[in-house]
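Q: What follows is each chain in one-letter form.
2 protein chains.
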Amino acid sequence: MRLPYPLTKLIDELVKLPSIGNKSARRLAFSLLLQPEKSAYDLAEAIIQARKNIRSCQTCFGFSEYEVCEVCKDEKRNREILCVVEDPKNVFTIESSGVFQGMYHVLEGAISPIQGISPDKLRVKELQQRVKAGQFSEIIIATNSTLEGEATAHYLTDLLQELVEKITRIAMGMPIGSDLEFTDINTLERSFEGRTSLNR
Amino acid sequence: MRLPYPLTKLIDELVKLPSIGNKSARRLAFSLLLQPEKSAYDLAEAIIQARKNIRSCQTCFGFSEYEVCEVCKDEKRNREILCVVEDPKNVFTIESSGVFQGMYHVLEGAISPIQGISPDKLRVKELQQRVKAGQFSEIIIATNSTLEGEATAHYLTDLLQELVEKITRIAMGMPIGSDLEFTDINTLERSFEGRTSLNR
Numbered sequence: 001m002r003l004p005y006p007l008t009k010l011i012d013e014l015v016k017l018p019s020i021g022n023k024s025a026r027r028l029a030f031s032l033l034l035q036p037e038k039s040a041y042d043l044a045e046a047i048i049q050a051r052k053n054i055r056s057c058q059t060c061f062g063f064s065e066y067e068v069c070e071v072c073k074d075e076k077r078n079r080e081i082l083c084v085v086e087d088p089k090n091v092f093t094i095e096s097s098g099v100f101q102g103m104y105h106v107l108e109g110a111i112s113p114i115q116g117i118s119p120d121k122l123r124v125k126e127l128q129q130r131v132k133a134g135q136f137s138e139i140i141i142a143t144n145s146t147l148e149g150e151a152t153a154h155y156l157t158d159l160l161q162e163l164v165e166k167i168t169r170i171a172m173g174m175p176i177g178s179d180l181e182f183t184d185i186n187t188l189e190r191s192f193e194g195r196t197s198l199n200r
Numbered sequence: 001m002r003l004p005y006p007l008t009k010l011i012d013e014l015v016k017l018p019s020i021g022n023k024s025a026r027r028l029a030f031s032l033l034l035q036p037e038k039s040a041y042d043l044a045e046a047i048i049q050a051r052k053n054i055r056s057c058q059t060c061f062g063f064s065e066y067e068v069c070e071v072c073k074d075e076k077r078n079r080e081i082l083c084v085v086e087d088p089k090n091v092f093t094i095e096s097s098g099v100f101q102g103m104y105h106v107l108e109g110a111i112s113p114i115q116g117i118s119p120d121k122l123r124v125k126e127l128q129q130r131v132k133a134g135q136f137s138e139i140i141i142a143t144n145s146t147l148e149g150e151a152t153a154h155y156l157t158d159l160l161q162e163l164v165e166k167i168t169r170i171a172m173g174m175p176i177g178s179d180l181e182f183t184d185i186n187t188l189e190r191s192f193e194g195r196t197s198l199n200r
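Sequence lines, in order, name chains A and B. Numbers 1 to 200, taken from the working numbering, label the letters of the first sequence in order. Numbers 1 to 200, taken from the working numbering, label the letters of the second sequence in order.
Pulled out of the complex, with its shape left as it was, chain A reads as follows (with noise of 0.2 angstroms):
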């Protein structure tokens, strides 16, 4: 006995999620059939609406859902810093974190020859343009510390460094809480590299 066609494609479906494998596309599908009527339609009804609501901010490419996003019409915020990010959600993971009051600017990835993706599939001339206009004092770049984010970080400093003062790369090095004997080498080096004073 095969799996009923509408069961067959919505565990296909769930299959293309990020992190969720065949068995917990079955597990979640089989759920959303046996849970009440209403939450499986609140669930579409939820993706339906975050799809037609939520757009890339005008300005910084970040998740709004007006033309400009809350950050980019805040006076409050030091619009002098700029922060470069490969990710819309990697602004939600700073802001939650209060460490940076300043603006950001979304790439909406990072280079890799790879997977073929060259600056002009990226948020770069946007960026470019907006460091030529604005008056930004600094340019924080805070893409992923992996190849791509690295030879994206390289990218923009040669791209930017005669628009802008001050350029810098967030902190790589050992995550706190963690256990020496269980960094790998790369972050060890990093973290040897960009070893602080203790002195006063």
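It cannot be assumed that every hint is accurate.
Treat identical chains as interchangeable: a pair holds within one or across any two.
To be verified - Calculated lysine to aspartate or glutamate pairs in the DMTMM-like style (CA-CA distance at most 20 angstroms, straight line): (1) Lys132 / Glu80; (2) Lys16 / Glu45; (3) Lys76 / Glu37; (4) Lys16 / Glu37; (5) Lys125 / Asp87; (6) Lys9 / Glu37; (7) Lys52 / Glu67; (8) Lys132 / Glu165; (9) Lys9 / Asp42; (10) Lys23 / Asp158; (11) Lys23 / Asp87; (12) Lys132 / Glu45; (13) Lys9 / Glu45; (14) Lys9 / Glu86; (15) Lys52 / Asp42; (16) Lys23 / Glu95; (17) Lys9 / Glu65; (18) Lys23 / Glu86; (19) Lys166 / Glu126; (20) Lys76 / Glu138.
Calculated from the structure, these hints are not laboratory results.
Add chain B to chain A, keeping to what the hints say.
A: Using the frame of chain A, we list chain B on its own:
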């Protein structure tokens, strides 16, 4: 900056799914916004279609696209053996193993006084009627090997033993490929109790 409302709502709906925590829900929600729009709508549509087109089989209460499911309609199956399971997904699990060629009855749960699930909230009356009306020579009780599943097995045995000659319970013991060292006491106890002869 707070997450846009439609995104918060989507995360709220995703987090209701089993084994989807806050972090996973967030990752899934962002992924649903970042992937091509069609994929997100396809998933929403698959959920809606699955809920609309999959119902409980009138006979066995397994999932079906039709009033009577494929197994119940199949004339080639052994109509003398009835396998009782808790959940519609159990039918597909057993079917995909190919170990059983008889009929099914889905209880839609297990007896659980703590959760307020009494036999009248399950498909027990329907099971009793089927057994009374049918020509079953054996009923295999394949409820889970949990407290609730065991309690249900005992309850059903008391209820049905006058109506059918043979009532059996699927075997409990060490799963194949497992190490005795890591087998819990309850499983080990059942493994010893249920030991079978190797003599020829």
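Q: Give a verdict on every hint.
A: Outcome of the hint check:
1. Taking identical chains as interchangeable, the C-alpha atoms of lysine 132 and glutamate 80 lie at most 20 angstroms apart only when both belong to the same chain, with a minimum of 13 angstroms there against 81 angstroms between chains.
2. With identical chains, the CA atoms of lysine 16 and glutamate 45 are at most 20 angstroms apart both within one copy (19 angstroms) and between copies (14 angstroms).
3. Proximity of lysine 76 and glutamate 37 under a CA criterion of 20 angstroms is satisfied in neither setting, with 45 angstroms inside one chain copy and 34 angstroms between copies.
4. For a Cα distance limit of 20 angstroms, the shortest separation of lysine 16 from glutamate 37 across copies, 13 angstroms, qualifies, whereas the shortest one inside one copy, 23 angstroms, does not.
5. In this homomeric assembly, lysine 125 and aspartate 87 come within 20 angstroms of each other (Cα to Cα) only inside a single copy, at 16 angstroms, whereas the closest approach across copies is 55 angstroms.
6. Proximity of lysine 9 and glutamate 37 under a CA criterion of 20 angstroms is satisfied in both settings, with 18 angstroms inside one chain copy and 18 angstroms between copies.
7. Taking the closest pair of Cα atoms, lysine 52 and glutamate 67 come within 20 angstroms of each other only inside a single copy of the chain (13 angstroms); across copies the shortest separation is 36 angstroms, beyond that limit.
8. For the homomeric pair lysine 132 and glutamate 165, the shortest alpha-carbon distance inside one copy (12 angstroms) is at most 20 angstroms, but the shortest distance between copies (87 angstroms) is not.
9. In this assembly of identical chains, lysine 9 and aspartate 42 lie within 20 angstroms of each other by CA distance both inside one copy and across copies; the values are 19 angstroms within and 9 angstroms between.
10. In this assembly of identical chains, lysine 23 and aspartate 158 lie within 20 angstroms of each other by CA distance neither inside one copy nor across copies; the values are 46 angstroms within and 35 angstroms between.
11. When the C-alpha separation of lysine 23 and aspartate 87 is checked against a cutoff of 20 angstroms, the pair qualifies only between copies, where the shortest distance is 16 angstroms, while the shortest distance within a copy is 28 angstroms.
12. Within a single copy, lysine 132 and glutamate 45 get their C-alpha atoms no closer than 42 angstroms, and across copies no closer than 44 angstroms, so neither meets the 20 angstroms cut-off.
13. Taking identical chains as interchangeable, the C-alpha atoms of lysine 9 and glutamate 45 lie at most 20 angstroms apart whether they share a chain (18 angstroms) or sit on different chains (10 angstroms).
14. Neither within a single protomer nor between protomers do lysine 9 and glutamate 86 lie at most 20 angstroms apart by alpha-carbon distance, with minima of 32 angstroms and 24 angstroms respectively.
15. For the identical chains of this complex, lysine 52 and aspartate 42 are neighbours both inside a copy (15 angstroms) and across copies (14 angstroms), given an alpha-carbon limit of 20 angstroms.
16. Proximity of lysine 23 and glutamate 95 under a CA criterion of 20 angstroms is satisfied inter-copy only: 16 angstroms between copies versus 34 angstroms inside one chain copy.
17. In this assembly of identical chains, the alpha carbons of lysine 9 and glutamate 65 lie at most 20 angstroms apart only when taken from different copies (13 angstroms versus 31 angstroms within one copy).
18. Taking identical chains as interchangeable, the C-alpha atoms of lysine 23 and glutamate 86 lie at most 20 angstroms apart only when they sit on different chains, with a minimum of 19 angstroms there against 31 angstroms within one chain.
19. Taking the shortest alpha-carbon separations for lysine 166 and glutamate 126, only the intra-copy value of 19 angstroms comes in at or below 20 angstroms, while the best inter-copy value is 75 angstroms.
20. Taking the shortest Cα distances, lysine 76 and glutamate 138 sit within 20 angstroms of each other inside one copy (17 angstroms), while across copies they are farther apart (75 angstroms).
Hints 3, 10, 12, 14 from the list above are not met by this structure, while the remaining hints are.
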